[in-house]
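Here the structure of chain G is known, so what remains is to put chain D in place on it, guided by the hints.
There are 2 protein chains.
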Amino acid sequence: MANGGPEIEQLIQLLARLPGLGPRSARRAVLHLIKKKEQLMLPLSAALDRAVVAVKSCEVCGNVDTISPCSICSDARRGESGILIVVEDVADLWALERAGVGQVRYHVLGGVLSPLDGVGPDDLNLDGLIGRAHGYSEIVLAMNATVEGQTTAHYITDRLAGTGIKVTRLAHGVPVGGELDYLDEGTLSQALKARTEI
Amino acid sequence: MANGGPEIEQLIQLLARLPGLGPRSARRAVLHLIKKKEQLMLPLSAALDRAVVAVKSCEVCGNVDTISPCSICSDARRGESGILIVVEDVADLWALERAGVGQVRYHVLGGVLSPLDGVGPDDLNLDGLIGRAHGYSEIVLAMNATVEGQTTAHYITDRLAGTGIKVTRLAHGVPVGGELDYLDEGTLSQALKARTEI
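Residue numbers (UniProt numbering), protein chains in the order written: chain G, 1 to 198; chain D, 1 to 198.
Errors might be hidden in some of the hints.
One copy or any two copies: either way a pair holds, since identical chains are not told apart in the list.
List time: in silico EDC-like cross-link candidates among lysine to aspartate or glutamate, alpha-carbon distance up to 16 Å [to be verified]:
no.	residue 1	residue 2
1	56	38
2	37	7
3	193	123
4	36	75
5	56	7
6	193	138
7	193	97
8	36	49
9	193	122
10	35	179
11	56	9
12	166	127
13	166	197
14	166	138
15	37	97
16	56	158
17	193	59
18	37	148
19	193	80
Hints were generated in silico from the structure; no laboratory data involved.
With the rest of the complex left out, here is chain G (with noise of 0.2 Å):
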């Protein structure tokens, strides 16, 4: 295979490990990227040396951003609502806001309890959720309504038994196997309006 060189063999097999994109479309991502290279190439790599340098994960509740504590953490008024929502996942946070579900704070646990993949407690964000959870009037639990994410929900109520707070979940809108961040984004906001509590 001649295509070019290592360099551009190499971002071909970089740009493959990305999801979404194999072997194929990685190279026509290449070759769309060297046809536009002042247009698209050369921005590109700047906003990744950017992100690089800027991104960084948020010391409270695990969001991604440039400041630590998030704009999310850092937002008065997202505190006022005593709303806590805990998300498997910064894709969930995500699907979440663009959902527009108002002025809440998240908590990302960065994971779930899965057992038969060796994911305890320990792995994932749990004690800071524990840790912050008093400075709130109700956890909304988000997780996905896999057996997984469930799983993990139950453990965190029972964490939180007995502190006083209300734990909510989402409501059953969320179709069951299904994820987060593929819902679309009336179905979210329907979903954390009949939130019921557990």
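The following block gives chain D in isolation, referenced to the frame of chain G:
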């Protein structure tokens, strides 16, 4: 939308412009990059920086490479066969190389004649082809099997008429309406073997 600062938002918007990625898959790709910062984001950033500097268009054939003339044009063994394959695009050149068509040289037109889109002979690398054709014993026209591709093949055949150079086209193993880059290697190999004289 508080997708974590302008640096992240800009990265998503740029990645969404790659073929095969939309806004949603670009978001997933960026989150994946941030999660795999050391293993993927840093190497990709560095690879892009290097490619931006290194990648150039071959002054002879139009291929993309890090040297000009490109590694194919610089390879003396590839000149010995006397075969020059004319393709629309660099993606087609790469597809033929993957099919292992042997020690041949290429000429990338950079598109096809398409009066409806305002693409005439002056917009393609046609003069370059006519200028170097005399150094080869056979010109293989490997355009896509589309109306525009075949029109371009006819135009090149007319321009080369009277030069005594043998002009061939790919065999009709290529599905009508299909594009080279999507074909499997076996079909491409067969199509080249069964090429017929125009």
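A quick look at each hint next to the structure:
Taking identical chains as interchangeable, the C-alpha atoms of residue 56 and residue 38 lie at most 16 Å apart only when they sit on different chains, with a minimum of 13 Å there against 28 Å within one chain. In this homomeric assembly, residue 37 and residue 7 come within 16 Å of each other (Cα to Cα) only inside a single copy, at 15 Å, whereas the closest approach across copies is 20 Å. When the C-alpha separation of residue 193 and residue 123 is checked against a cutoff of 16 Å, the pair qualifies neither within a copy, at 31 Å, nor between copies, at 58 Å. Taking the shortest alpha-carbon separations for residue 36 and residue 75, neither the intra-copy value of 39 Å nor the inter-copy value of 28 Å comes in at or below 16 Å.
For the identical chains of this complex, residue 56 and residue 7 are inter-copy neighbours only, at 11 Å across copies versus 28 Å inside a copy, given an alpha-carbon limit of 16 Å. Taking the shortest alpha-carbon separations for residue 193 and residue 138, only the intra-copy value of 14 Å comes in at or below 16 Å, while the best inter-copy value is 71 Å. In this assembly of identical chains, the alpha carbons of residue 193 and residue 97 lie at most 16 Å apart only when taken from the same copy (14 Å versus 57 Å across copies). In the homo-oligomer, the alpha carbons of residue 36 and residue 49 lie at most 16 Å apart only across protomers (15 Å), although the nearest pairing inside one protomer, at 18 Å, exceeds that limit.
For a Cα distance limit of 16 Å, the shortest separation of residue 193 from residue 122 qualifies neither inside one copy, at 31 Å, nor across copies, at 61 Å. Taking identical chains as interchangeable, the C-alpha atoms of residue 35 and residue 179 are never at most 16 Å apart, the minima being 36 Å within one chain and 19 Å between chains. Taking the shortest alpha-carbon separations for residue 56 and residue 9, only the inter-copy value of 14 Å comes in at or below 16 Å, while the best intra-copy value is 29 Å. Taking the shortest alpha-carbon separations for residue 166 and residue 127, neither the intra-copy value of 18 Å nor the inter-copy value of 76 Å comes in at or below 16 Å.
In the homo-oligomer, the alpha carbons of residue 166 and residue 197 lie at most 16 Å apart inside one protomer (7 Å), although the nearest pairing across protomers, at 80 Å, exceeds that limit. When the C-alpha separation of residue 166 and residue 138 is checked against a cutoff of 16 Å, the pair qualifies only within one copy, where the shortest distance is 5 Å, while the shortest distance between copies is 80 Å. With identical chains, the CA atoms of residue 37 and residue 97 are never at most 16 Å apart, being 33 Å at best within one copy and 24 Å at best between copies. Neither within a single protomer nor between protomers do residue 56 and residue 158 lie at most 16 Å apart by alpha-carbon distance, with minima of 31 Å and 61 Å respectively.
Proximity of residue 193 and residue 59 under a CA criterion of 16 Å is satisfied in neither setting, with 29 Å inside one chain copy and 62 Å between copies. When the C-alpha separation of residue 37 and residue 148 is checked against a cutoff of 16 Å, the pair qualifies neither within a copy, at 44 Å, nor between copies, at 26 Å. Taking identical chains as interchangeable, the C-alpha atoms of residue 193 and residue 80 are never at most 16 Å apart, the minima being 18 Å within one chain and 73 Å between chains.
Hint check: violations occur at hints 3, 4, 9, 10, 12, 15, 16, 17, 18 and 19; the rest are consistent with the structure.
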